[in-house]
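Please model the complete structure; the sequences and the hints are all you need to start from.
There are 2 protein chains.
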Amino acid sequence: MLKALLFDVFGTCVDWRTSVAGEAAALGLPGEAVADAWRARYQPQLETVRSGEREWVVLDILHREALDDVLAELGRDLAPEQRDELTLAWHRLDPWPDAVAGLTRLRERYVLATLSNGNVALLVDMAKRAGLPWDAILGAEVARHYKPQPEAYLTTAALLGLAPDECLMVAAHNGDLAAASAQGFRTAFVPRPAEHGSSQSRDLKAERDWDVIAADFLDLAGKLGC
Amino acid sequence: MLKALLFDVFGTCVDWRTSVAGEAAALGLPGEAVADAWRARYQPQLETVRSGEREWVVLDILHREALDDVLAELGRDLAPEQRDELTLAWHRLDPWPDAVAGLTRLRERYVLATLSNGNVALLVDMAKRAGLPWDAILGAEVARHYKPQPEAYLTTAALLGLAPDECLMVAAHNGDLAAASAQGFRTAFVPRPAEHGSSQSRDLKAERDWDVIAADFLDLAGKLGC
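Heads up: the protein sequence lines correspond to chains A and B, in order. Take any residue in the first sequence, count from 1 to its spot, add 959: that is its number in this note's numbering. Take any residue in the second sequence, count from 1 to its spot, add 959: that is its number in this note's numbering.
Be careful, since some hints might not be right.
If chains are identical, the list can't say which one is meant, so a pair holds when it fits in one copy or spans any two.
[Stated by the list, open to error] Keeping only pairs whose Cα atoms sit at most 30 Å apart, straight-line, the calculated DSBU-like set for lysine-lysine is: (1) Lys-962 - Lys-1087; (2) Lys-962 - Lys-1182; (3) Lys-962 - Lys-1164; (4) Lys-1182 - Lys-1164; (5) Lys-1087 - Lys-1182.
Simulated from the structure, these hints should not be mistaken for lab results. Nothing here was measured: the structure is a model prediction, and the numbers come from that model.
Set out below in structure tokens:
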């Protein structure tokens, strides 16, 4: 029986690109270019941890390091304290318009937890600001493994006292669902076709026959009987 | 600056004795005797894990094992499935009357997290049923160390991205506060003089000059400016 819904956060629940671009633009930087260049460093950075090349480090640190690189690439400068503060833009991401209302409905029937590569402090700050009604904030940091490594998924289910097939992984990314499915989790795809802006080319649609395919979190709530 | 309040749960937020006694009595058992005998096994059980005699195991398992012992001592029998179900009484503990209202006020200004020896699944179930508005469910299981071991406190603060002195440990138990204080946490004592019933003899009052001493969670909210 399905008991918990586990959510990818960046891109699935929140619109990181618009939020980060807005904070960067407020500092006189080219907002979307900063957001895209910053996020482009994300998977390569995670891979240094996943591969064992680098010891466990939280996403806040990786974000801060990547920002230095992004600014150098763009030929822009910011004072160190401005860089620290801009890094916290990732704690202040706005949810997609349907997210809070959909989660609020889903929470009546299911346990809702994050299964994100974001660190706990980042996700707590984001949830408090945006009103994301998580029952538990779990994922990479408590597992000390970044998705799509199996430990991130399995540790999250274990902390909830659940078997993988009692959990539904919800993501806007086919790769995340493939990794969850390989560990026995159920899967729900919710497309976020504007995550990467108007020229987005990937994850525009479900690439496999996932257990649930929903237009947004309100549609997901309806499809799950909430 | 104070940023997060970390709560002991059993006894401090919820009235475990009345709740467990009620579920035991509903099965025809002597309710208060079961609750007291069950809880009496708690610290000795935890000590087997703290000492390294036994590998990490979650509280749900320890509760289930202790119940067999309690029933044998009382000369009572229950079917295995009844034992499993009664063990989940610890997931269904009622909060003290001031707890939800006090936490709701405190949450406006501070991050609220559990710092409990309860496992995540237990605390999630309890929070959903009782309406305890945690921002994060942390503590022993994510640290894989039971209080009062330092790792339980330090891991919880670290997951929140905070230094110990940015965190206030809230407990009805002087020993819990002493352990937190030794790691640099601020401390708040909230007495729960009926936790162990009418004959309670310990933790009736603050035994040290803790940073805050409050009559209940509403008083705590007032004293913290919420």
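Quick rundown of the hints versus the structure:
{"no.": "1", "hint": "Lys-962 - Lys-1087", "verdict": "both (24 Å within a copy, 13 Å between copies)"}
{"no.": "2", "hint": "Lys-962 - Lys-1182", "verdict": "within (15 Å within a copy, 39 Å between copies)"}
{"no.": "3", "hint": "Lys-962 - Lys-1164", "verdict": "within (26 Å within a copy, 41 Å between copies)"}
{"no.": "4", "hint": "Lys-1182 - Lys-1164", "verdict": "within (18 Å within a copy, 52 Å between copies)"}
{"no.": "5", "hint": "Lys-1087 - Lys-1182", "verdict": "both (27 Å within a copy, 22 Å between copies)"}
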